[in-house]
Amino acid sequence: MKDSFNIKIGGSAGEGIKVSGLTLAKSLTRLGFRVFGYSEYPSLVRGGHNTYQLHVGVEQVYSQVKQIDILIALNQETILLHQDELTTSSLILYDPGDFKLPKGQLKGKYLGIEFIKIATQAGGTPIMANMVSLAATLALLDLPVTSLKEIIKNAFKRKSMEIVEINQKVVEAGGQFTKDNFSKYKLKIKVPKDVTTRMVLTGNEAASLGAIAGGLQFYVAYPMTPATSILHYLAAKAKDTGILVKHAEDEISVVNMAIGASFAGARSMVGTSGGGLCLMAEGVTLSGVSETPLVIVNSMRPGPGIGMPTWTAQSDLQFVLNIGHDEYPKIVLAPGDANEAFIQTKESLELAEKYQLPVFILLDKFISENDYAVDPFPAKHLNQRFSFIKKSYLSAHIYKRYQLTKSGVSPRSVPGQKNSTYCCNSYEHDEYGLTTEDPKTRKLMMNKRAKKLDEIQDEIPPQQTFGPQKAKLSLISWGSNKPVVLEALKNLPQVNFLHLNWLWPFPKKQVLDFIKNSKKVVCLECNSTAQLGQLIKKELGIDTQPLLKYDGRPFYPEEIINKLT
Amino acid sequence: MKKYNYQTSIAPTWCPGCGNFGVLASLKNALQQLNFKPYEVVIVTDVGCAGNMADFISTFTFHALHGRALPPAVGVKLANHKLPVIAVIGDGACYGEGLQHFINLMRGNHDITVLVHDNYLYSLTTGQYSPTTPKGTITKSTPEGSIEEPLNPLALALANNTTFAARGYALDISGLTSLIVKAVGHQGFSFVDILQPCVTFNKNQTVDNWYKDKIYPLPKTFKDKTKAFKEALRQDKLATGIFWQEKKPSYHTQVSVLEKRTAVSKKIDEVDISRLLEEFI
Ligand SMILES: Cc1ncc(C[n+]2csc(CCOP(=O)(O)OP(=O)(O)O)c2C)c(N)n1
Ligand code: SF4
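Same order as they appear, the protein sequences are chains A and B.
Under our numbering, the first residue of the first sequence carries the number 174, and numbering increases by one thereafter.
Under our numbering, the first residue of the second sequence carries the number 783, and numbering increases by one thereafter.
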């Protein structure tokens, strides 16, 4: 009886692998399983090797794992490429009508199922071969195809009921064929006792929903993997949500346009990846000096230069902490999973408005594109507005947009509002916004802006720790590594773990408290220079031991376990 | 009706005799004629001598980054399309540092007015050559004479689907006032290239040896674009007036989200995302 199992689908780009994987993920979620979906693909529209892997379990499964239980091979290459992830008991499903098994020693049990033939004989088209493979997989797990049929219905009903019916017939045929011919290969798995409703979505979708919930009014971006799907999602929902979504001519325009909209009072957000963020750097400082709220989602991928567009990295942390010239306050958040992406993106819009500064959401290819199964997000969201002045304020005060205050945050008016004009200024300025080079005013303004960081300290939520209080070894990591580390912890009872999703202002006390109780601290991250390690060293003067990966691939739990035991 | 003077507490810091004074006076006149309250107008200025206007006019102003006045101007317009938005920008910023914005936002027919103070130089940075500097001009950054052919702003705009293109002259305040009134009144992207003497750094394009003989008023706006284009290509004379104007829907009128309200007035105090969640289950 297996508690959890791992399915991989492999083929060439353009074969609908990601869609198949997601369909299977949703079908299994509807049966009550926990799932985690991870996809890999090269930066090509056609060709190249694509995979989707789905880790499934009755109890929580956090991340992808290496060893494959069922491999759906949509081409011959897939079989050869993943031999070292197979065991003698792995099942490999392939279509013998499509290609022959490669020669030589092969690991696992090979089940020839004519996906294409079954699909066409059931009245479908060759494209529906994927559905046959999914139905076959369910049959081999001794699971019903009902939920797969529901997912198909939801996906295609807007196209036509005829397409729904054909696909469903294909699924029935695929399941039946597998039962009739291969039932002795059935995997013995634990099945969930009851079913809880869960959503399956990517980190980018979660971040987009968080932004919508947080009152986003203006989204502007220029396409760049792995942030692009935020633009796609929000553009597709613009009509429903009433959010203005614009694809601008370049990232420089993007950031400046968003700041203009924010100056006009709109809650504004931009999304990009490293190269695009480089182009935005000067604009981010404009948000800083002019104290105009801005949320920047930066989904990291390996660089420098174009780097590896469709792979993952956490290599922009130091860049983001130091982005732009001179000094100004900013907030840097790094959600660990889809749930945190939702919560923190929502929060970022509020923080940006409350403290009138740039707020970064650091994602990466891994979290942006993985499929997470989460409890449904709350449906209703209340949003408060911050530091906008009212008419009554103006009758009682002389309006100074950059008034020196105790908190560093000043009252804000919006264009169109009576008797409250000011210059929103990229130059250093006085309290009214007028340009100045006066040394005293300059210093006061620098201090005023910097002061906001002190206030923000109180906003930092408790950072999550996992594992025993007292441990032989302590892990610290940030952002998207969270689920991989949690998966690894299942086999590391002596290790505890601090997950940081709030990086700036740095949660000094919380990190110090954790380290104080640790015997040995390892800092795990996806870059080559231990960027979080550097931050901890700078802020606390403490050395940590780096555990790094920077080949474009995420950590696997097995690797962490191997390194730490 | 109360007339506003749009005066701030700051006296302009331009050199005596600078053409920018003429543009500022014309812009204030135009705002007066249009009867705009200062708080109902947004002026986005670039960085440069021209851009320093941000402190000298009492509307809502936004002093942008260098070359970047147009994106925030469009950002303001898309956020609150009820506001008239005017960008004030130098030739270096508009045709050099930020040319991509000029070309692309023009194609979108965003409803903003772009006033380019064209003095054939980068003046704030003490007079290097700009995209409109005639070939062969000796400046601090081109001691052997500039090598590039100059950019032709009006011809470029006409070829690039601007719906309003005009040329003004900074020292012709009544003519420029009327051009600005029409440009701001135009629905869509309105572009005015303003010939602006820089008395300190530009010793070639001066009133006496350049503008006096070259400038003449266009008798009327062209109905035929090829004729407007031909006039724009002229080198011997520089016509002032509206070269081209056509009616086309501006960007924000084609965005369904903005049909009934502005982007800033979208209610956000209570957001319900239940319908959006369905597709993920
Ligand atoms: C990114 C950046 N590059 C360069 C500068 C320096 N700079 C300021 S104004 C300017 C040129 C101004 O020329 P123009 O736009 O023609 O305006 P003018 O001063 O002639 O009115 C330059 C190069 C800057 N502020 N920012
Ligand atoms: S340098 Fe030229 S453009 Fe600048 S203020 Fe002086 S005269 Fe005017």
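It is possible that some hints are incorrect.
[Stated by the list, open to error] Simulated DEER-style distance windows between Cβ atoms:
(1) B:LYS785 / A:ASP423: 36 to 44 angstroms
(2) B:LEU816 / A:ILE479: 44 to 52 angstroms
(3) A:SER565 / B:ASN787: 22 to 30 angstroms
(4) A:ASN620 / B:LYS1042: 38 to 46 angstroms
(5) A:ILE479 / B:ASN991: 26 to 34 angstroms
(6) B:ARG889 / A:ALA569: 57 to 65 angstroms
(7) A:ASP423 / B:GLN1036: 17 to 25 angstroms
(8) B:THR988 / A:GLU628: 34 to 42 angstroms
(9) A:LYS689 / B:GLN1036: 41 to 49 angstroms
(10) B:ASN787 / A:ALA552: 33 to 41 angstroms
(11) A:SER262 / B:GLU1061: 52 to 60 angstroms
(12) B:PRO1031 / A:GLU628: 51 to 59 angstroms
[Said to hold, decoys possible] Selected chain B positions facing chain A (Cβ under 8 angstroms, derived; list incomplete):
(13) SER840
(14) GLY857
(15) LEU881
(16) GLN882
(17) ASP1051
(18) VAL1053
(19) SER1056
[Unchecked claim] Derived DSS-like pairs: lysine-lysine, alpha-carbon spacing no greater than 30 angstroms straight-line:
(20) A:LYS564 / B:LYS1049
(21) A:LYS410 / B:LYS785
(22) B:LYS1042 / A:LYS410
(23) A:LYS553 / A:LYS616
(24) A:LYS573 / B:LYS785
(25) B:LYS864 / A:LYS563
(26) A:LYS573 / B:LYS819
(27) A:LYS591 / A:LYS564
(28) B:LYS1042 / A:LYS643
(29) A:LYS563 / B:LYS1030
(30) A:LYS412 / B:LYS1030
(31) A:LYS573 / B:LYS1042
(32) B:LYS1049 / A:LYS563
(33) B:LYS1042 / A:LYS591
(34) A:LYS553 / B:LYS1048
(35) B:LYS819 / A:LYS563
(36) B:LYS1009 / A:LYS591
(37) A:LYS591 / B:LYS1049
(38) A:LYS239 / A:LYS693
(39) B:LYS1042 / A:LYS412
(40) B:LYS1030 / A:LYS564
Note that these hints are calculated values from the structure, not bench results.
Ideal Cβ placement from N, Cα and C applies to all residues, glycine included.
Cross-check of the supplied hints:
Taken as a hint, the range 36 to 44 angstroms holds for the pair LYS785 of chain B and ASP423 of chain A, whose Cβ atoms sit roughly 42 angstroms apart. Evaluation of the 44 to 52 angstroms hint for LEU816 of chain B and ILE479 of chain A yields a pass: the beta carbon distance comes to about 48 angstroms. Taken as a hint, the range 22 to 30 angstroms holds for the pair SER565 of chain A and ASN787 of chain B, whose Cβ atoms sit roughly 27 angstroms apart. Between ASN620 of chain A and LYS1042 of chain B the Cβ separation comes to about 45 angstroms, which falls inside the hinted range of 38 to 46 angstroms.
Against the hinted window of 26 to 34 angstroms, the Cβ-Cβ separation of ILE479 of chain A and ASN991 of chain B comes to about 50 angstroms, which falls outside the hint. For ARG889 of chain B and ALA569 of chain A, the hinted distance range of 57 to 65 angstroms is not satisfied, since their beta carbons lie about 47 angstroms from each other. The given range of 17 to 25 angstroms is respected by ASP423 of chain A and GLN1036 of chain B, whose C-beta atoms sit roughly 22 angstroms from each other. For the pair THR988 of chain B and GLU628 of chain A, the beta carbons lie near 55 angstroms from each other, so the given range of 34 to 42 angstroms is not met.
About 60 angstroms separates the C-beta atoms of LYS689 of chain A and GLN1036 of chain B, a value inconsistent with the hinted range of 41 to 49 angstroms. Checked against the given bound of 33 to 41 angstroms, the beta carbons of ASN787 of chain B and ALA552 of chain A, roughly 52 angstroms apart, lie outside it. At roughly 36 angstroms, the beta-carbon separation of SER262 of chain A and GLU1061 of chain B lies outside the given 52 to 60 angstroms, and the hint is violated. Between PRO1031 of chain B and GLU628 of chain A the CB atoms are about 46 angstroms apart, so this pair departs from the stated range of 51 to 59 angstroms.
Residue-level restraint check for SER840 of chain B holds (minimum Cβ-Cβ distance to chain A is 6 angstroms; threshold 8 angstroms). Because the smallest distance between the Cβ of GLY857 of chain B and any Cβ of chain A comes to about 3 angstroms, under 8 angstroms, the interface hint for this residue holds. The closest approach between the C-beta of LEU881 of chain B and any C-beta of chain A is roughly 11 angstroms, which is over the 8 angstroms cut-off, so the hint fails. For the restraint placing GLN882 of chain B at the interface with chain A, the shortest Cβ-Cβ distance is roughly 6 angstroms, inside the 8 angstroms limit, so the hint holds.
Taking 8 angstroms as the C-beta cut-off, the interface hint given for ASP1051 of chain B holds, the closest approach to chain A being about 6 angstroms. Because the closest C-beta pair between VAL1053 of chain B and chain A is about 5 angstroms apart, less than 8 angstroms, the hint holds. Contact between SER1056 of chain B and chain A, as hinted, is supported at the beta carbon level, the nearest pair being about 4 angstroms apart and thus within 8 angstroms. At most 30 angstroms may separate the alpha-carbon atoms for a hinted pair to count; LYS564 of chain A and LYS1049 of chain B meet this at roughly 20 angstroms.
Restraint check for LYS410 of chain A and LYS785 of chain B: not satisfied, since their Cα atoms lie roughly 45 angstroms apart, outside the 30 angstroms limit. Among the hinted pairs, LYS1042 of chain B with LYS410 of chain A is consistent with the structure: their alpha-carbon atoms are about 17 angstroms apart, no more than 30 angstroms. Proximity of LYS553 of chain A to LYS616 of chain A is assessed by CA-CA distance (about 44 angstroms); at most 30 angstroms being required, the pair is judged violated. About 24 angstroms separates the Cα atoms of LYS573 of chain A and LYS785 of chain B, which keeps this hinted pair within 30 angstroms; it holds.
With a C-alpha separation of about 20 angstroms, the suggested pairing of LYS864 of chain B with LYS563 of chain A holds against the 30 angstroms cut-off. For the proposed pair LYS573 of chain A and LYS819 of chain B, the alpha carbon gap of about 19 angstroms is at most 30 angstroms, so the pair holds. For the suggested pair LYS591 of chain A and LYS564 of chain A, the alpha carbons sit about 8 angstroms apart, so the restraint of at most 30 angstroms is met. Our distance criterion of 30 angstroms between C-alpha atoms is broken by LYS1042 of chain B and LYS643 of chain A, whose separation comes to about 60 angstroms.
For the hint pairing LYS563 of chain A with LYS1030 of chain B, the CA-to-CA distance comes to about 38 angstroms; that exceeds 30 angstroms, so the pair is violated. As the CA atoms of LYS412 of chain A and LYS1030 of chain B are separated by approximately 23 angstroms, the hinted pair is consistent with the 30 angstroms bound. For a cut-off of 30 angstroms, the pair hint linking LYS573 of chain A to LYS1042 of chain B is broken: about 33 angstroms separates their Cα positions. Our distance criterion of 30 angstroms between C-alpha atoms is met by LYS1049 of chain B and LYS563 of chain A, whose separation comes to about 17 angstroms.
The straight-line distance between the Cα atoms of LYS1042 of chain B and LYS591 of chain A is roughly 23 angstroms, inside the 30 angstroms bound, and the hint therefore holds. Annotation: proposed proximity of LYS553 of chain A to LYS1048 of chain B holds, straight-line Cα distance about 16 angstroms (limit 30 angstroms). Between LYS819 of chain B and LYS563 of chain A, the direct Cα distance comes to roughly 19 angstroms. Compliance with the 30 angstroms bound is thereby established for this hinted pair. The suggested pairing of LYS1009 of chain B with LYS591 of chain A is violated, with an alpha-carbon distance near 45 angstroms, which exceeds 30 angstroms.
Of the pairs offered as hints, the one joining LYS591 of chain A and LYS1049 of chain B holds, with about 21 angstroms between alpha carbons and a cut-off of 30 angstroms not exceeded. Annotation: proposed proximity of LYS239 of chain A to LYS693 of chain A holds, straight-line Cα distance about 27 angstroms (limit 30 angstroms). Among the hinted pairs, LYS1042 of chain B with LYS412 of chain A is consistent with the structure: their alpha-carbon atoms are about 12 angstroms apart, no more than 30 angstroms. Using a Cα cut-off of 30 angstroms, the hinted pair LYS1030 of chain B and LYS564 of chain A is violated, with the two alpha carbons roughly 38 angstroms apart.
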